[in-house]
Amino acid sequence: MDTRMLWIQLVAVMVKEVRQTVRDKRVMFLLLVMPLVQLIVFSYAVNFEVDDVPTVVVDRDDSAASRRYVAGLLADGTLTEVARAGDEGEAERMVEADVAKAAIIIPRGLSRDLARGRPAQLQVVMDGTDPTRAGVAAGAVSRYFGEVALDLALERLRIRDAALGTTTRVPGVRMEPRIAYNPRLITAVYMVPGIAAMLVLMITTIVTAMGLAREREMGTLEQVLVTPIRPAVLMVGKLAPYVVVGLLDVALAVTVGAWVFEMPIRGDLTFLFGATALYLMSTLGIGLFISTASTSQQQAFMGGFLFILPAVLLSGNMTPIHSMPDWLQPVTWLNPLRWYIEIVRGNLLRGAGAADLWPQLVILAVMGMGILVVASMRFRKRVV
Amino acid sequence: MNPPATAPDHAIVVEDLSRHYGPFRAVDRVSFHVERGEIFGWLGANGAGKSTTIRMLCGLLQPTSGDATVAGHRISRDPEGVKRSIGYMSQKFSLYLDLTVEANMEFFGGAYGIPRRPLRHRMEEIVGLTGLAEYRGATTGQLPGGIRQRLALGCAMLHRPEILFLDEPTAGVDPVSRRDFWRLIRRLAGEGTTVFVTTHYMDEAEYCARIGLMVDGHLVALDDPAGLKRVHVPGRVLDVRGEGLVAALPTAREVPGVMAAEPFGAGVHVRFDTGTCDDARVLGALREGGARVAGAEPVEATLEDVFLAVVARGKEWE
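Top to bottom, those sequences are chains Z and C.
Heads up, the first sequence is in the numbering used here, so the first residue is 2 and it goes up one at a time.
Heads up, the second sequence is in the numbering used here, so the first residue is 10 and it goes up one at a time.
Rather than coming from a laboratory, the hints here were simulated on the basis of the structure.
None of these values were measured; they are calculated from a predicted model.
There may be inaccurate statements among the hints.
A few chain Z residues facing chain C, derived, Cβ under 10 Å [what the hints assert, rightly or not]:
(1) 88
(2) 90
(3) 176
(4) 219
(5) 223
(6) 257
(7) 261
(8) 270
Note that CB positions come from ideal geometry on N, CA and C, so glycine has one too.
Turn these sequences into a full structure, and let the hints steer you where they fit.
See the structure below:
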């Protein structure tokens, strides 16, 4: 068969796919609205920053000093005072009733004990149902009072030195963290690359998986098979439009990330789109594979989710890979999502290019080729 | 390409064609030929192997043994060549229901590799031939069955196939649309297109120049409609009306010379050999069996009679 005929057939399949997609309101929704909604919802909702922990304060000392401490503790915004309680019991009941997530109890005589240089006790009650919040809040309290204790100690030394006419040098370590790439530690900046990768996976995999299943369900596949179209032409024609869709979704995510969430774009976007093309080989290949194993659109849809859910959970986007159990970590090596997220994040946030990210690129390319070859072999067998 | 093994006037030549699924022989050593420009009917009960035969002849399914030459292409060696030369329309309207009439034609035209300009020209012809002009922009799924079926035929003809395979093309279509459809089919055959058609409607089978009848994977009868009737339903057929007729059929079957007595429509059909039996004896036997005969008249045997006779005999062989 001459190439002109192949080309006519390929164009016919692509035009038909695009027309069907454009006319299907559900798929158009999936392609256009869902990415925006997910991008916004995920970026705002998945927030690892802890602040505004509702706190009940019990100040039994009720001195100028204790009031200063409470004000200082609340100053950085991690804890927010929502109520005052008369005693410890009342404060605990308020935590139990979920009025507050934390209680700070300053005992009677705190300022007196501190003034006399006696050890003082301070009690913090935390609601541990959300370990991250509890941990961060407890950390904030201990850090603050650690600084208070240090200041008190230095003050006493200064007074003693002045009285004795000596100079005591106190060796002190103060940490001054300087955070590179995302200095304000905005979660969205970290999340957007991951969400972009997830979106591409969800959309291209599910739409491809359902595409062929729909043809089989409607009986159109048989009509196509009595034409002289070759399976390879049919396959390429069906996948090509979704390569464009995948690239557009990445462009959309990067644009929204940059405009709405002030995500930096430090890398070369041409490199990013090239890497996306490699990633799409995997996502489209998996979609194609699922479609060869499904007889109905519903099956294909379920099959798509069966893959997507673990892929998202094992991508390192929601949970860091190094905090997964040892036996589970190697499983993430087989996850194209993991490697692509590393590329997007490295490229956008750090400006990394092929020199840094070549291992990920090679893995994606090899994985994509493998999946596509297996899927197209199955496709040929199922189709002929 | 090898020289076609067919005589020039044979559009399809089938030689010992078989398709087995494990021990099940869906099609078992079937041989026949179809002439160019002929409307060839392919009948059989559900599961008799009709669709399997068509799928093999269309290059969708490879035979287990035997072979066939379709439009000069061997189905075993050149299924692509077969696909280029045939049009196929199946019982289900396998068009894209979510696309417009025009988009469907553009897709299938492209699938056959027809370049843009000739395709536009051919689409005009097809739209005129099938009377689809007013539906061009309509979504296919919203059209009534008869119009969709014309579109399916139109899509199958875009590439000017030598042979059209129609697998129950009129299933579920109203009688007026069926008549219009067959008018179109006969016109195409008149212009030289070979038509290979399966149907469940025996009145449609009467339009066929020749008919092959399949029972349990075997080709058991092949002739023109008149010949089939002569061979398989010989004798005189009497259409009897009245009451209690069905209950009296066993009595009628006892009469010497009676070859068949079956319910038909509101009455019964009794077929007998005119040499050994006559109308009076048949009606007498029915009355004897308790029936009240209101009227009787001789009728032509139909293809339905042929079908029932052949299928019944096929079952006796088992």
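Could you tell me which of the numbered hints above are not met by this structure, giving the numbers in increasing order?
Numbers 1, 2, 3, 6, 7 and 8, in rising order.
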